[in-house]
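The hints should help you fit chain B onto chain E, whose structure is shown.
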Amino acid sequence: MPDTITVNVNGTAVSVPSGTTALAAILIAGAPSVRRSVGGSPRGPLCAMGVCFECRATVNHRRHSRTCQILCTPEMDIRTGEQVDG
Amino acid sequence: MASRPAHFDVLIIGAGPAGIAAACCASESGARVGLLDNNPQIGGQIWRGESQHPSHIEAREWLQKFASAKIEFLASTEVIDHLEPGRLVVQSVGMQSGDDVRELTYRNLILCTGARELFLPFPGWTLPNVMGAGGLQALVKSGLPIADKKVIVAGTGPLLLAVAAHLREHGAEVRLIAEQAPRHRLARFALSLAFERAKLAQAFAIRRQLSSVPYKTSCWPIRATGEGKLETVFLRTGAHTWQESCDYLACGFHLVPNTELAALIGCELRGGFVQVDDSQRTSIAGVFAAGELTGIGGVEASIGEGQIAGYAATDRSGSTASLLPQKQRLDHFASLLKRTFALRDELRSLPDSETLVCRCEDVKFARIRNHSSWRDSKLHTRCGMGPCQGRICGAATEFLLGWRADSVRPPVFAAPVQVLAIAGSSQSQPDLVSHEEFR
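Chains as they are written, first to last, in the working numbering: chain E, 348 to 433; chain B, 589 to 1027.
Here's a subset of chain B near chain E, in silico, CB distances under 7 angstroms, partners left out: (1) Leu727; (2) Gly816; (3) Cys976.
Note that these hints are calculated values from the structure, not bench results.
Where a beta carbon is used, it is the ideal one built from N, C-alpha and C, also for glycine.
With the rest of the complex left out, here is chain B:
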């Protein structure tokens, strides 16, 4: 980090819909705006691939705005540490040798780090070809051919339908969509959508596309088996269990906000989400948050929040007044989503004693379940101490055992020791994940 760090008036972390909207709005003021993402292209998860093959009107509009705005896009870059207010350390993804670590400075920071899928452990979930629902969709968008493959889509949330429709469009044979939520709650959800004409129209369009695919409610996978890779999925609905053979199981239990960086910076969280005011300000001065990390509300809410944050971070909060009623309406939608797709208690008994909960360190459920806390289990079993730093098993154990992952320490993403030495982080802790510890 020899050269002087690049300085931004507004630096935005995460180039999904919220980040793109924030960047576009912030750049209107003439401020120097930087947008950083660990993917090589903008779009985040939901607009992945849209920059090459646009298919959504809304995505196309925002990507055009982005292209014509003066925004510096820092691709394949991720934050590994926050040194002090105004100073971040970043590394290039895929360059983990310490030769591309640098410091960035900012006046205002907007966190748009989005969400990841919630994965619940069940016997066989570590077999190759058992994937996230959004995960398989992302992989297909990244070039995996899926034509004629038999796929079961399972878990919960509106994402399952979108994923199933996308996979079919690419020629997959979607054998079943298994939604854990009960039918009566989904019916209530559909009724509430009557006020959301755009969302309702979208839902009908997807349903039509999927008219020949069985959609089972109160249904979930209980086991996956196969020799070296997935061959068979066992499912349950009520007291009835049965098996289906398939090539892929795309399974996600809704979304978990990516709050690691916000927590490291010290932003107040409530119920697992970053707390923000009407201008998307967090509890830390000069730090804003927009999108799924403030509440799971979908793409429309993310864009709205991103716009508000982009204006507020360039001292033009006056421009946000017209966006507020929409924000309130979408907050209502977010709470509706949460109620509708709340996870059923039966899912807590999915893992058996032998089921691996921590995939990085191969820690079995039997080894962790009698510990009193996330920290206790981490210290005794290494659960959550691998390269993903508990991003997968932390969320799973929160649901299974009611644990809360404790405070976040740098590096936010696993980094090799050389990188940490260069970053000169004074806060280095013994449980840093080093290059050598990767296995």
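Okay, chain E solo, but in the shape it has when bound:
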């Protein structure tokens, strides 16, 4: 693995250190939230341990991925809820 990895968050390239999770990349990219709740309110991560499902986003076209459990890989495509579900 290279020291720095470039991923795409909502279409924008972001460079992150190797070992960074997709969730941390979303936050580094400055996305206003990770997803919208059923009632439409913005949500960010809560547990960061794979339990709460608040960090789910679309990673490499797989919807509902728990981004706190996924390490960034080169060219990974990450879309937050606001981008996908509008």
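Same frame as chain E, but now just chain B:
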């Protein structure tokens, strides 16, 4: 699941300290040992990131042992069903399309599923940047820059201090640690630690690191506000309330054991924890449990229990005799922790009518509080029926309303319907969380 399932003499679920210790000890016998975790790396929560940047001596020692032992690590893998004794169905995390579901078989199973944080709902707790205490720490270990961010650490338990110290080390400005337990109980706790020299030394070291951070006892957050994300936290101590502005609120009310899989398998629980004997055997033959799911006792207790389970699961219980006195001492520490950080009654009135209790389904407190049970509320309001399957709101309502979450059904973790079809689970129930139901 076309190919023949991989078979393990000992299969261990959860690669935190208990699971690592269990795997190392079990592998000494030459048995085929598998260690499974839903994280991409070993370490669990407390040793998260240690495999790349070791900082604890104990973690380093165990990780070295692990590296030199013959253990198969199944990374990013989680159990979704237990078909019958000896047969588990697992899926890969992040591959929820049904193309990576498989069966594993085992002779002995060791559950080391650890614990999660207890989160209590209060107005504003769903705002982005209100996180768990261990949650924010995990996120920083996973690459979130925290330098110069203003953080309030709140809730209860020794974890708050460890989290605050870790965040400061990474450049955060920790403005306050709010501990709900009263000072007199903490003082008694500190006195009892005099017998635990290692723990006391650790506590002093952390305290020194945090000497400039205000540490308030009998203090807790009552509300969080902000436009689109957290901006202000309101806190209370006694009759006094005030507000602090901050970037993050790291808030956890101690730990809840992850017993879902144990319950599905049928292991007897008592007081919410998996019951084990001196050899870490559960009530189900061939199934052992070690670590926080048998009682919240910390990393040292988890390692000790993991060792005992690893030996017992490879029929070498003789090797565990020397570990027993330590286990008894640490059991005492666990009950001390429980007494010291017991939650105060005032926290039950944290949520108001409008506060969301179930974050997955956006269910307000007003809608659930008049129901008679967890099940009743679930059926009428969908509380606990989202993707987390009640892992967050179940523990919260247990504290708020005295409910007990009812029996666990497969899948243990939310799985798409295609996966369930492939798994061929005959026990499929109407309240399965399907891919389509995720919102």
